[in-house]
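Protein chains in written order, with the numbering used here: chain U, 1 to 346; chain G, 347 to 706.
Hints listed in this document are in silico derivations from the structure and should not be mistaken for laboratory results.
The C-beta atom is built at its ideal place from N, Cα and C for all residues, glycine as well.
Some hints could be false.
Stretches of chain U that chain G covers, calculated by requiring three or more beta carbons in the stretch to come under 8 Å of a beta carbon on chain G [to be verified]: (1) 63-75; (2) 127-138; (3) 152-158; (4) 185-194; (5) 201-215; (6) 220-231.
Below, in silico cross-link-like pairs of lysine-lysine (DSS-like), each with a Cα-Cα straight-line distance of 30 Å or less [said to hold, decoys possible]: (7) LYS206(U) - LYS550(G); (8) LYS249(U) - LYS605(G); (9) LYS613(G) - LYS174(U); (10) LYS160(U) - LYS605(G); (11) LYS253(U) - LYS579(G); (12) LYS605(G) - LYS626(G); (13) LYS249(U) - LYS550(G); (14) LYS174(U) - LYS682(G); (15) LYS613(G) - LYS206(U); (16) LYS534(G) - LYS160(U); (17) LYS249(U) - LYS591(G); (18) LYS623(G) - LYS651(G); (19) LYS174(U) - LYS591(G); (20) LYS494(G) - LYS405(G); (21) LYS550(G) - LYS248(U); (22) LYS240(U) - LYS579(G); (23) LYS623(G) - LYS174(U); (24) LYS378(G) - LYS420(G); (25) LYS206(U) - LYS534(G).
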Amino acid sequence: MVRIPSESPDDKEFIAYMEKLLQKEGAKTCLDDFGNLVAKFPAKNSLNNEPIMFCCHGDTVKPGIGIEPVIEGGNIRSKGDTILGGDDKAGIAEIIEMLRSAKKHPPIEVVITRCEELAPAGAEFLDYSLIDSKMGYVLDMDTPSDVIIGGPTCIFFNVKFKGVPAHSGVCPEKGISAIQVAAEAISNLRLGRIDHETTANVGVIKGGASMNVIPEDAELAVECRSLNNETALKVFDEMKTVFVNAAKKFDAKVHIDATTALEAYSIPKDAKVVQLAVNAMKKNGVTPDVKAIAGGTDATHINHKGIQTAVLGIGGRMMHSTEEYVIIDELIAITNIITTIVEDLA
Amino acid sequence: MNTQRLISTFCELVKIPSESPNDQEFISYVAKFLRLEGAKTKRDSYGNLIVKFPAKNSKSKTSIAFCCHADTVKPGVGIKPIVDLEKGVIRTDGTTILGADDKAGIAEIIEMIRAAEKHPPLEIIITRCEEIGSLGAKNLDFSLVDSKRAYVLDMDAPNELVIGEATHIHMDVTYTGRAAHSGVEPEKGISSIQAAVRAIYNMKLGRIDAGTTANVGVFNGGEARNNIPETTKILAECRSLDHEKALKISEEMKGLFTKASNESGTKINIETNMVSKGYKISADSDIVKEFVLALNKHNVEPEIKVIVAGTDASLFNEKGVAAVVVGIGCREIHSKDEYAIISEMETTTKVLVSLVEGLA
Chain U
1 MVRIPSESPD DKEFIAYMEK LLQKEGAKTC LDDFGNLVAK FPAKNSLNNE PIMFCCHGDT
61 VKPGIGIEPV IEGGNIRSKG DTILGGDDKA GIAEIIEMLR SAKKHPPIEV VITRCEELAP
121 AGAEFLDYSL IDSKMGYVLD MDTPSDVIIG GPTCIFFNVK FKGVPAHSGV CPEKGISAIQ
181 VAAEAISNLR LGRIDHETTA NVGVIKGGAS MNVIPEDAEL AVECRSLNNE TALKVFDEMK
241 TVFVNAAKKF DAKVHIDATT ALEAYSIPKD AKVVQLAVNA MKKNGVTPDV KAIAGGTDAT
301 HINHKGIQTA VLGIGGRMMH STEEYVIIDE LIAITNIITT IVEDLA
Chain G
347 MNTQRLISTF CELVKIPSES PNDQEFISYV AKFLRLEGAK TKRDSYGNLI VKFPAKNSKS
407 KTSIAFCCHA DTVKPGVGIK PIVDLEKGVI RTDGTTILGA DDKAGIAEII EMIRAAEKHP
467 PLEIIITRCE EIGSLGAKNL DFSLVDSKRA YVLDMDAPNE LVIGEATHIH MDVTYTGRAA
527 HSGVEPEKGI SSIQAAVRAI YNMKLGRIDA GTTANVGVFN GGEARNNIPE TTKILAECRS
587 LDHEKALKIS EEMKGLFTKA SNESGTKINI ETNMVSKGYK ISADSDIVKE FVLALNKHNV
647 EPEIKVIVAG TDASLFNEKG VAAVVVGIGC REIHSKDEYA IISEMETTTK VLVSLVEGLA
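In isolation and in its complexed conformation, chain U is listed as follows (with noise of 0.2 Å):
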């Protein structure tokens, strides 16, 4: 699978592969509007007839071309100067692999999102009619042990001041400077780790032009999370109103642009996909590590959409860089603990 490529969003030629291989399975599939795929196996062994969704996405990051796997000491890795790409393969490997092995299970739908690299943006344009399933696990995580039960709502925001140019040796009483408007805003903001579950960032500042003109942009990319969104939102609405007075305080205008890119979500401990996974680890020797994370997968998604989802590893490590590999223990690992949960459900 990591043989053919799918950088996104060129991960359609991999999900038509994908499609025809679950069909060879024994699923029926359907693509919907935007290339996500959706594969439905049958019940094994069971009359369970509620489903349980597994998720991966169909692409990777950058450089994904041309992936030659090497066997290594325990490990595959990437021959050449390329990423491995077993994030998010690996997944969907594992989960191929349960389909086969498992002596039972209930009715299984396998979704695989394109383009989650991006936003992620396949699963919040995946069309939830085509599925059944009220549970699933998206399998996206590094290690066997990750259960992940919740995610940060992340408001992220440019904001642009505006001044006034003038010549700084000349006639500075005519300027007004971005910068110490933007200066003056930092220096109010509460920023970094602001409670246990919400951090503010100032990532990037851009501004003025010369160093003898009074600066008259000053441009700032901010982030607040928070894995409650209403604090995200209190916080947000604090450094909006920091970032105003700081411009009226000079005079100068001020432009804020936010986008909220993942709405938080939190699972209870003691949910049934939650304790499924924990049996599941245990039964197989793996001491589970129930946590939420700072960022988003397409778990955030589909919990928004009503399907509780939790997020497990995959086995892989060094994602997102040429250094990336999957330890093959992990794999086994993994694929035995997904074929406890469906066993389990049978």
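Starting from the known structure of chain U, arrange chain G on it as the hints suggest.
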């Protein structure tokens, strides 16, 4: 003086491109031109041109110098000067600068030499790379210069007479903090942007007093929204007509930059560069009085002033050659709208002729 000859010399000069630093070919051309006028020419090791004319109809042995820079800003290749006699200006077709800055001055000096009936020994100094930080004047071999006073031709209008300039100090500041994922483990990072704003927040910027200014002109930090920014770069400057004050302000700014670094746990690197050292020439000195006299002969009321920008004159003064800056008759310099005013070029030439004849 001959206006037609002045205009044709000027047009000839601006047609030869000399965008800094590619101004050596133009300098060779000027050297050849002036040798034909009877001068001895020399190039110093940096490529600056030093030209010497002996005294003419004069027993004076005290030489005076005139200085122009050879280079132009961009776009300065393929300049087609258009002489508009109706409007009395010389301009371009709008695709390039004109290059009157500073070639109008060179043309006027040449016409002055041709027209003056008498003059003391003259030195003409054509410097390289003025537009990119007075590099020519900085590297000028002053042992080749005999004059104790110089007129730098590099202002706009003929009545301008600059007798003082500011000390100008550049500061190039880099903060290095520590990167970390801003959502996962911000406590492991140190934000270089936060360190820098702490310094800027406490800094007095803009107009500090009548002769002193300070500015943070460029502030770039960080690479990604979701990363604690590791590196931030700042370009700052201060200027003062009072040299000591410029030094004091720059020390204060450096102190604030460094304090912010210490308090935030970031590393800091500050590179300071004195772009030009200020000077102030007395309004009573001969170099000023003689020029005012020449201006008055042609009914020009002088505008004697100090400026904050650096010209080659600050380097001359630093090296012990008293220098003032005078106008050449150009406007809108450093733009494609640049133009020269023919009547002002005539005025400057006449004033220069009166000046050297008066010193003969």
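These are the hints, each one checked on the structure:
1. Check result for the stretch 63-75 of chain U against chain G: violated, 0 residues qualifying (beta carbon to beta carbon below 8 Å, three or more required).
2. With a cut-off of 8 Å between beta carbons, the stretch 127-138 of chain U has 0 residues touching chain G; three or more are needed, and the interface restraint is violated.
3. A stretch counts as covered by a chain when three or more of its residues have a beta carbon under 8 Å from one of that chain; for the stretch 152-158 of chain U and chain G the count is 3, and the coverage holds.
4. Coverage of the stretch 185-194 of chain U by chain G holds. Counting CB-CB distances below 8 Å, 5 residues qualify, and the rule asks for three or more.
5. Residue count for the stretch 201-215 of chain U with a Cβ under 8 Å from a Cβ of chain G: 15. That meets the three needed, and the coverage hint holds.
6. Counting residues of the stretch 220-231 of chain U whose beta-carbon sits less than 8 Å from any beta-carbon of chain G gives 4, enough to reach three: the coverage restraint holds.
7. Taking the CA atoms of LYS206(U) and LYS550(G), the gap is about 21 Å. The hint holds against a cut of 30 Å.
8. Straight-line distance between C-alpha atoms of LYS249(U) and LYS605(G) comes to about 25 Å, which keeps the hinted pair within the 30 Å bound.
9. Taking the CA atoms of LYS613(G) and LYS174(U), the gap is near 34 Å; set against the 30 Å cutoff, the hint is violated.
10. For the suggested pair LYS160(U) and LYS605(G), the alpha carbons sit about 28 Å apart, so the restraint of at most 30 Å is met.
11. Of the supplied pair hints, the one linking LYS253(U) and LYS579(G) holds, its CA atoms being roughly 24 Å apart against a limit of 30 Å.
12. Restraint check for LYS605(G) and LYS626(G): not satisfied, since their Cα atoms lie roughly 34 Å apart, outside the 30 Å limit.
13. A distance of roughly 16 Å separates the Cα atoms of LYS249(U) and LYS550(G); the hinted pair therefore holds under the 30 Å criterion.
14. Note on LYS174(U) and LYS682(G): the hinted pairing holds, with a Cα-Cα distance of about 25 Å set against a maximum of 30 Å.
15. Only pairs whose Cα atoms come within 30 Å are accepted, and LYS613(G) paired with LYS206(U) is accepted, the gap being roughly 20 Å.
16. Only pairs whose Cα atoms come within 30 Å are accepted, and LYS534(G) paired with LYS160(U) is accepted, the gap being roughly 28 Å.
17. For a cut-off of 30 Å, the pair hint linking LYS249(U) to LYS591(G) stands: about 29 Å separates their Cα positions.
18. Proposed proximity of LYS623(G) and LYS651(G) is supported: the alpha carbons are some 17 Å apart, at most 30 Å.
19. Between LYS174(U) and LYS591(G) the CA atoms are separated by roughly 22 Å; this keeps the pair inside 30 Å, and the hint holds.
20. Restraint check for LYS494(G) and LYS405(G): satisfied, since their Cα atoms lie roughly 18 Å apart, inside the 30 Å limit.
21. For the suggested pair LYS550(G) and LYS248(U), the alpha carbons sit about 19 Å apart, so the restraint of at most 30 Å is met.
22. Using a Cα cut-off of 30 Å, the hinted pair LYS240(U) and LYS579(G) holds, with the two alpha carbons roughly 25 Å apart.
23. About 25 Å separates the Cα atoms of LYS623(G) and LYS174(U), which keeps this hinted pair within 30 Å; it holds.
24. Between LYS378(G) and LYS420(G), the direct Cα distance comes to roughly 25 Å. Compliance with the 30 Å bound is thereby established for this hinted pair.
25. A threshold of 30 Å between alpha carbons decides the hint, and for LYS206(U) with LYS534(G) the separation of about 24 Å falls inside it, so the pair holds.
Hint violations for this structure: numbers 1, 2, 9, 12, all remaining hints satisfied.
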